[in-house]
Structures are given as structure tokens and as C-alpha cells.
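> So you can see what is in the structure, the chains are spelled out below.
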Amino acid sequence: MSHTEAAALSPETVMRQMKQNGVTDVVWLPDSETNWLYLLMQADPDLRMVGVTREGHACSIAAGLYAGGRKPMILIQNTGMMESGDSIRGWLMGMQVPVVLMVGYRGYTRHGVNSDTAATYTERFLMAFNIPFYLVEGDSDAERISVAFAEAEKTRRPVVVLVGDEYHGFNR
Amino acid sequence: MMHMADVVRAIAEHRGDAIVIPGRSGRYWAPISDTVFDLPLGDPAMGGHAGFGLGVALAQPDRRVVLLDSEGDILMSLGMLATIAEQAPANFYHFVLDNEVYATTGGQPVPNAKHVAYDVLARGAGYPRAFAFTGLDAFTRELPGILRAPGPVFVAAKVFPEIENEPISRRVRWRKRTADKVVQDLRVALTSPA
Chain A
14 MSHTEAAALS PETVMRQMKQ NGVTDVVWLP DSETNWLYLL MQADPDLRMV GVTREGHACS
74 IAAGLYAGGR KPMILIQNTG MMESGDSIRG WLMGMQVPVV LMVGYRGYTR HGVNSDTAAT
134 YTERFLMAFN IPFYLVEGDS DAERISVAFA EAEKTRRPVV VLVGDEYHGF NR
Chain B
299 MMHMADVVRA IAEHRGDAIV IPGRSGRYWA PISDTVFDLP LGDPAMGGHA GFGLGVALAQ
359 PDRRVVLLDS EGDILMSLGM LATIAEQAPA NFYHFVLDNE VYATTGGQPV PNAKHVAYDV
419 LARGAGYPRA FAFTGLDAFT RELPGILRAP GPVFVAAKVF PEIENEPISR RVRWRKRTAD
479 KVVQDLRVAL TSPA
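Residue numbers (this note's numbering), protein chains in the order written: chain A, 14 to 185; chain B, 299 to 492.
Chain A with its partners taken away, still in its complex shape:
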């Protein structure tokens, strides 16, 4: 097994975490990190997928699903998360919706040097909004996803999982 394969975050691992934490609905917009995860989710008859055309829409849909008794998860990219600032504020934080956002960390590199401003501003954005976040780079980090779910439930706030594994885990 190569170093890259060992470090990769597999979609099966992510699905297992979602199942363990009782996710019923995934509100999502595709990105380069999540294509193979999409195929797995599509094949699961117990998981409803709600596709959106702009990431901010995911926030109010998730709030409505939660109000109605479901347990949604949001799956978007960091670019769309930043676009969604006011919806995160109003529909998730303001309404105390305990939801996990799995956010593809476009531009992330392990070396801290990047040429993509999407990565430059991602953690700064989350800190400005005071949203807790956990970085997941490979299968060995997967338990952090459960930590995020537990924290969201406990605090009744959105919690972000940053998926720092672009072009490896989901597009094999």
C-alpha cells in the first residue's frame, strides 16, 4: 500500500460514520472531494439526498428537516460554505440546529503553503463565525467525525468537518 493510499479517507469510512451517527438526510452540492461518496449514498435506500443549487440553500433545508424530526447532514465545499455565511448564521446558528457540515477543503495542503485563497480563508471564516471544526485527512482521523456529531448535539450548534483529502479519497 502506498503512502497516499494509507493516508486516504475512504468513502466507506465516511458512510460508516454517518450511519453510526444516525444521519437520515444529506443536503449537498457536488464537489471534487465527494463524487465516489455520492455513488455510495445513492445506493443506500435509507438515506435521502437533497441536492441544492447553491450551498446556502442547504442551511434552511437542513433546519426544516431538523424541525420536522430528522437528522440531516450538509455536504458542501469550502467555497460554498463561505458563500453561505448569512444562511449559516440565520438558519443554523440562530435556530440552534445541531448539524454537521462536511466541507471539502479545496486548496488544502499538509504543508501549510497553498496557492488557493479558498484554503487561505477557510479556517479564518470558521473562526470568525466561532464555528468549531475538525480536520479529517485520512481513515485514521475518522473518529473526529463522531466527535463533531457529538459536539453538535451537545451544543445545539453547527460543527464543521473539514475534509482535507481532495483528489484522493473520493475520486479513485
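Hints may be right or wrong, so weigh each one.
[To be verified] Okay, derived cross-link-like pairs now, SDA-like style, lysine to any residue, Cα gap no bigger than 20 Å in a straight line:
id : chain 1 : residue 1 : chain 2 : residue 2
1  : B       : Lys474    : B       : Asp341
2  : B       : Lys474    : A       : Lys84
3  : B       : Lys479    : A       : Arg83
4  : B       : Lys479    : A       : Arg170
5  : A       : Lys84     : A       : Glu156
6  : A       : Lys167    : B       : Asp478
7  : A       : Lys167    : B       : Gln482
8  : A       : Lys84     : B       : Arg361
9  : A       : Lys167    : B       : Asp483
10 : A       : Lys84     : B       : Asp483
11 : B       : Lys479    : A       : Arg169
12 : B       : Lys456    : B       : Arg307
13 : A       : Lys84     : B       : Arg485
14 : A       : Lys84     : B       : Gln385
15 : B       : Lys474    : B       : Ala487
16 : B       : Lys474    : A       : Gln109
17 : A       : Lys84     : B       : Asp341
18 : A       : Lys167    : B       : Lys479
19 : A       : Lys84     : B       : Asp478
20 : A       : Lys84     : B       : Lys479
21 : A       : Lys84     : B       : Ala487
22 : B       : Lys479    : A       : Gln109
23 : B       : Lys479    : A       : Pro58
24 : A       : Lys84     : B       : Gln482
25 : A       : Lys84     : A       : Pro58
26 : B       : Lys479    : A       : Gly82
27 : A       : Lys84     : B       : Lys456
28 : B       : Lys474    : B       : Ala303
29 : B       : Lys479    : A       : Pro111
30 : B       : Lys479    : A       : Arg102
31 : A       : Lys84     : B       : Thr489
32 : A       : Lys84     : B       : Pro359
33 : B       : Lys456    : B       : Gln385
[Unchecked claim] Distance windows between CB atoms, simulated:
id : chain 1 : residue 1 : chain 2 : residue 2 : range
34 : A       : Leu148    : B       : Asp341    : 39 to 47 Å
35 : B       : Ile461    : A       : Thr37     : 36 to 44 Å
36 : B       : Gly433    : A       : Leu52     : 44 to 52 Å
37 : B       : Asp304    : A       : Gln33     : 47 to 55 Å
38 : A       : Asp129    : B       : Gly314    : 36 to 44 Å
For the record, the hints were derived by calculation from the structure and aren't laboratory data.
Note that the Cβ used here is the ideal one computed from N, Cα and C, for glycine as well.
Based on the hints, put chain B in the right spot on chain A.
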């Protein structure tokens, strides 16, 4: 054109046991009904009421969900129409009260205010049924049938603008519960024995 209060009153008469999200019409809805199945949220973030309504409808497929949306919100989130049409919740009744202006900010016109056909947009996005009304007689005549038939259905209703020019701090506060309390009240009610 119709008065917003008349439209809201007509919907209230026929809502039955539906969950109602009054959106920006909340100040007219609150005096009529304020149960746990009324979800007055104020304005959490513009453009999101349709998504919230969709979420509730998907979560509670055995209950009708009535949303009173606005044309300003719709214009901000046109793509939401495609999402709703794809999910196609049969229990979702999406009303849009179109006053052609941003009433809460002084009455500035929405873009292309007099020429946007919201029912056509909805139909084009995939809603199987969409209607447009400009007069109260036709609206009240058709409303019971609209609410009896399966959704998702989109109903555009032209209403007179009722512009608020008072500074926000001096406006009458019509909400009795915070948005998060509204959500929690509903969740408790849905899990409580009948």
C-alpha cells in the same frame, strides 16, 4: 391586487391541520393562529423560507405543509424551485405573496417587478401545478381545491405593498416566540403522543 390580510385569512380558513410557515406574512398570521403547528420564524436569512418549508415537508410526509413565501425571497433563491420540484413533496403548498417591492426596507421595487411570472418560473422548474391570482374572488374560489389536491403546488398571489417606513427599533413586535423556540416546540409536539 389583493390585501395581504385577506389572502392570509383565506388560507387560515382552509389550512385544516397543516403546518403553516407564515414567512414575511407572520404579522398577519400571528393574530389568527399561534399553535405549535404555526412556525413564525421572522426573517432568519432572506431567501431561505422555501428551503425550510421543503425540509419540514420532507420530514413530515403525512402532514400538509403550507408556506407563505415572498417574491423577494424567491428571486434570491430561484434554484430552490428546482430542488423542491425534484424532491416533489406531495404535502407541500407553496404560496408566494407578490407585492412587487422590498416592503420592509422602504418599498424599493424588486428587479423587473411587474414582469416576472412566478407561476411560470415554478412550472419551468418542474412544479407539476402552478397558479397565479390577482383577485380575491378567484383566489378564494379555487383555494379549497388547490389545498385538497396533492402537491407540490405553487400559488402566486398579487398583493398590495404594505410598506414599513418606521425605523426597525420602533416597529411593532408581533413575534411571541423566538425562532429556535418555534423549532423546539414543533419537535416536541411531533414526538408527543396524540
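> Of the numbered hints stated previously, which ones are contradicted by the structure, given in increasing order?
Checked against the structure, the hints that fail are numbers 2, 17, 23, 27, 33, 34, 38, while the rest are satisfied.
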